[in-house]
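S.K.: Please put together the full structure from these sequences, using the hints given.
Protein chains in written order, with our numbering: chain C, 1 to 141; chain Y, 1 to 289.
Just so you know, nobody snuck in bad clues.
Across the chosen pairs, the derived CB separations fall in these ranges:
id, chain 1, residue 1, chain 2, residue 2, range
1, C, Trp-135, Y, Pro-269, 37 to 47 Å
2, Y, Glu-273, C, Leu-44, 17 to 27 Å
3, Y, Ser-221, C, Phe-32, 41 to 51 Å
Not everything, but these chain Y residues come out facing chain C in the computed CB check (under 10 Å):
id, residue
4, Leu-81
5, Glu-106
6, Pro-107
7, Tyr-147
8, Gly-148
9, Val-150
10, Gln-155
11, Ile-262
12, Pro-267
13, Leu-275
14, Asp-276
15, Ala-278
16, Leu-279
Don't read these hints as lab results, they were simulated from the structure. Please read all numbers here as calculations on a predicted model, not as lab measurements. Here a beta-carbon is modelled for each residue, glycine too, at the ideal position from N, C-alpha and C.
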Amino acid sequence: MGLLDSEAGRRRLLTVEIPVIERYNEGRDPEFRIRVTRVGGGLLLRYALKPGHNVYQLETRLVSSYPTLPPETRVITPLKHCPHLLEGQTMCLWRQGSMRTNSRWDPARFTCVFAIQAAWRWLACYEIWHETGEWPLPEAK
Amino acid sequence: MAHLIQVGAGSGGMPVLDMVCRDARITRVTLIEPDVYKPHNVERHLFPPSAVGELKAVLAEDWLKERRPELAVHTLVCDLLAPEQQAAIEQAAAEADLGVCAADNEPAKYHWDALMRRHGKPWTLGEVLSGGIGGFVHWFAPGGPCYGCVASYLQRSIEVERPKAPDYSQPGGAVAEITIPASKAAIETIASLHSLITLQMEDCRLQMVRNDPSQICDLQSSISNRLGFTSLLLTLQRAANVFDEAFRPYRFRIPRAADCLICRPGPTPSSSEELDVALDQALARLGDA
Chain C
1 MGLLDSEAGR
11 RRLLTVEIPV
21 IERYNEGRDP
31 EFRIRVTRVG
41 GGLLLRYALK
51 PGHNVYQLET
61 RLVSSYPTLP
71 PETRVITPLK
81 HCPHLLEGQT
91 MCLWRQGSMR
101 TNSRWDPARF
111 TCVFAIQAAW
121 RWLACYEIWH
131 ETGEWPLPEA
141 K
Chain Y
1 MAHLIQVGAG
11 SGGMPVLDMV
21 CRDARITRVT
31 LIEPDVYKPH
41 NVERHLFPPS
51 AVGELKAVLA
61 EDWLKERRPE
71 LAVHTLVCDL
81 LAPEQQAAIE
91 QAAAEADLGV
101 CAADNEPAKY
111 HWDALMRRHG
121 KPWTLGEVLS
131 GGIGGFVHWF
141 APGGPCYGCV
151 ASYLQRSIEV
161 ERPKAPDYSQ
171 PGGAVAEITI
181 PASKAAIETI
191 ASLHSLITLQ
201 MEDCRLQMVR
211 NDPSQICDLQ
221 SSISNRLGFT
231 SLLLTLQRAA
241 NVFDEAFRPY
251 RFRIPRAADC
261 LICRPGPTPS
271 SSEELDVALD
281 QALARLGDA
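M.R.: Below is the structure:
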């Protein structure tokens, strides 16, 4: 049962996810807006983030079992290999069983825009790590 | 006279099914279970080693029929999320009076929760914690918190037991991470609590139906008053940094979260066709060709 082929999934998109994406895009420079395409039973969100000096292109996939399973975010812009980066430049963002409220995906409270904000924070950490060699969030280690 | 719909007849689900169906008020059962009984199931399951290779749903049906020949048992040998079986599952849920969830994965629990809420049915869920250090039993009724409200409130930092099957296809392959499985005793302790709470919920439902069938929506307050909790955690072992004491119950009265993204009411198109059109238009605005 995919996000797009179940009524519950389509209602979640229409009443929760799409309104927050539209609010995110409102007044934002077109280059940084979220663009959405259907992929299989889920959605692909393409967007750019500029946490500091650089602009990064990213993709966040709302998999068919979203929101039960967290979205998967990968950086399209080539990165230097670093901590918390998985295969295919996928960000390591959500940990099952984590004590930290922000690193445990909660489908009752989080939306895809929260995942994008988490990606922005991850990239900010990456830029600091790139300069200093230290990942600035000790709890992520 | 009650129709029980249950998903899962694994090591945790089968004892619940057995104990709940011993009650004469349960006259009909629909069981959703896709799995085959495997050698690694034998240690913690009710079925004998000679049954290895057979469908768990068939074994469960035989087990129930041996003890209650008059019980009407219908099995759906499919995954709860199988798209091609959704019509049959929806119909069974619509006809059922109460539900039991003994699924071992989060997508199935959320799917079950949505199914039960859509049809306004009360249901229970049992969860054994990894290593058998304790377990939760939750109950849900129309108008009360959804599974999302409960999971978000509890923010469980402990993993729920999910037995891993050995990789028979690669006997010489990589060795999986070692975890401590829950014992049969731990699983059956939580299953017994799960059964008791399910039967108490059924008491409340039947009492309400007898008094005034139109008041079924007040089931939430009726069960809440009777049990005094919505979720029960029983510790079974002392565990460093997790539980200070063994055999200690914790009762949680979890409210429905007004801002829960899973169950909060919202304006949505009334028909499926209107929903599709509205979604197509919304996605087109966001760039979907």
